[in-house]
Amino acid sequence: MRFQYKGSNEGSFDLIDTSEQKFSANELRKDCYKIVWARNDSISLGVDGYRVLLKENHLLFASSLNRLYFEIENKDVLLYAFNREFYCIRDHDSEVSCNGFLFLGTSSPLVVELTEKELKSFNLLYEFFVEEFENNKDHIQGEMLLVLLKRLLIMSVRIARKVLPDEDMPQSKLDAIRRFKLLVEMHFREKHKVQEYAELMHVTPKSISNLFARYFHKTPLQLINERIILESKRLLEFSDSNVNEIAYALGFNEISHFSKFFKTHTGVSPKEYLRGLSAENS
1 MRFQYKGSNE GSFDLIDTSE QKFSANELRK DCYKIVWARN DSISLGVDGY RVLLKENHLL
61 FASSLNRLYF EIENKDVLLY AFNREFYCIR DHDSEVSCNG FLFLGTSSPL VVELTEKELK
121 SFNLLYEFFV EEFENNKDHI QGEMLLVLLK RLLIMSVRIA RKVLPDEDMP QSKLDAIRRF
181 KLLVEMHFRE KHKVQEYAEL MHVTPKSISN LFARYFHKTP LQLINERIIL ESKRLLEFSD
241 SNVNEIAYAL GFNEISHFSK FFKTHTGVSP KEYLRGLSAE NS
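Here the sequence shown is numbered in full-length UniProt numbering, starting from 1 and rising by one per residue.
Any given hint could be a false lead.
[What the hints assert, rightly or not] Derived DSS-like pairs: lysine-lysine, alpha-carbon spacing no greater than 27 angstroms straight-line:
(1) 263 / 218
(2) 191 / 233
(3) 218 / 162
(4) 137 / 193
(5) 150 / 137
[What the hints assert, rightly or not] Estimated spans, in silico, between C-beta atoms of each pair:
(6) 251 / 116: 39 to 49 angstroms
(7) 193 / 138: 44 to 54 angstroms
(8) 163 / 41: 20 to 30 angstroms
(9) 137 / 249: 43 to 53 angstroms
(10) 185 / 41: 25 to 35 angstroms
(11) 161 / 185: 13 to 23 angstroms
(12) 249 / 127: 12 to 22 angstroms
(13) 137 / 193: 17 to 27 angstroms
(14) 182 / 260: 20 to 30 angstroms
(15) 53 / 161: 42 to 52 angstroms
(16) 147 / 274: 20 to 30 angstroms
(17) 131 / 257: 51 to 61 angstroms
(18) 260 / 116: 18 to 28 angstroms
(19) 127 / 56: 18 to 28 angstroms
None of these hints come from the bench; they were simulated from the model.
Predicted, not measured: the structure shown is a model, and the values here were computed from it.
Where is the CB? At the ideal position from N, CA and C, for every residue including glycine.
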């Protein structure tokens, strides 16, 4: 079962239930944000080339940058998919926006588990979505779907806060980490050092490092490097650019520096990575 909404501003929202049909990730728009909910079945899916086992009663949040690979048939899995034109407008509260921390795990999408109580709330909200799609084909349907989606995201944020390294993290610290991750998303192609982001945030590199050491499971430099590697893999796999062009696009003046960086973080050179992709597809 698949419900689709198309707005006048090119906004789109999809709700897909795979319990009685076959569905492939290739059927999703490339520019959409995805929420995958494994309700009563576990599923295996690929996220940017990595294999992820999504267990029963777990949710995965993937941004428009993440590439999902899966083919599901007759499994109780729900997918919510929407693009920036449908939801990501400027006046949304930052924590539940497309720049909130649900969708800022670009190199490792966020996964959360639902409790029995939370499952009831999510199932009830799903029924509201279905009712809206089935019974209200009027000109304000999009507004109601937007309200329901925001409720879904608010519920998800409240659950996701529990999986933070420090559940009692002050809001100001969470905002600072989110700000850093957003700046990395905006500037990783030309800024590769923590100091450069510290200057944008008007703080010292040490204060950022201390913040991550206290409240996060990765260092700020790891976050920068992972984002560069993720984009490298996407460009190698999905673009027509050669290794030289990709290196320059990601801020490396010498291809040798890019190749060394890529191999340090993946174990293979860019050309070896490409050969591996060719072997998988042959």
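### Query
Broken hints, numbered, in rising order?
4, 12, 13, 15, 16 and 18
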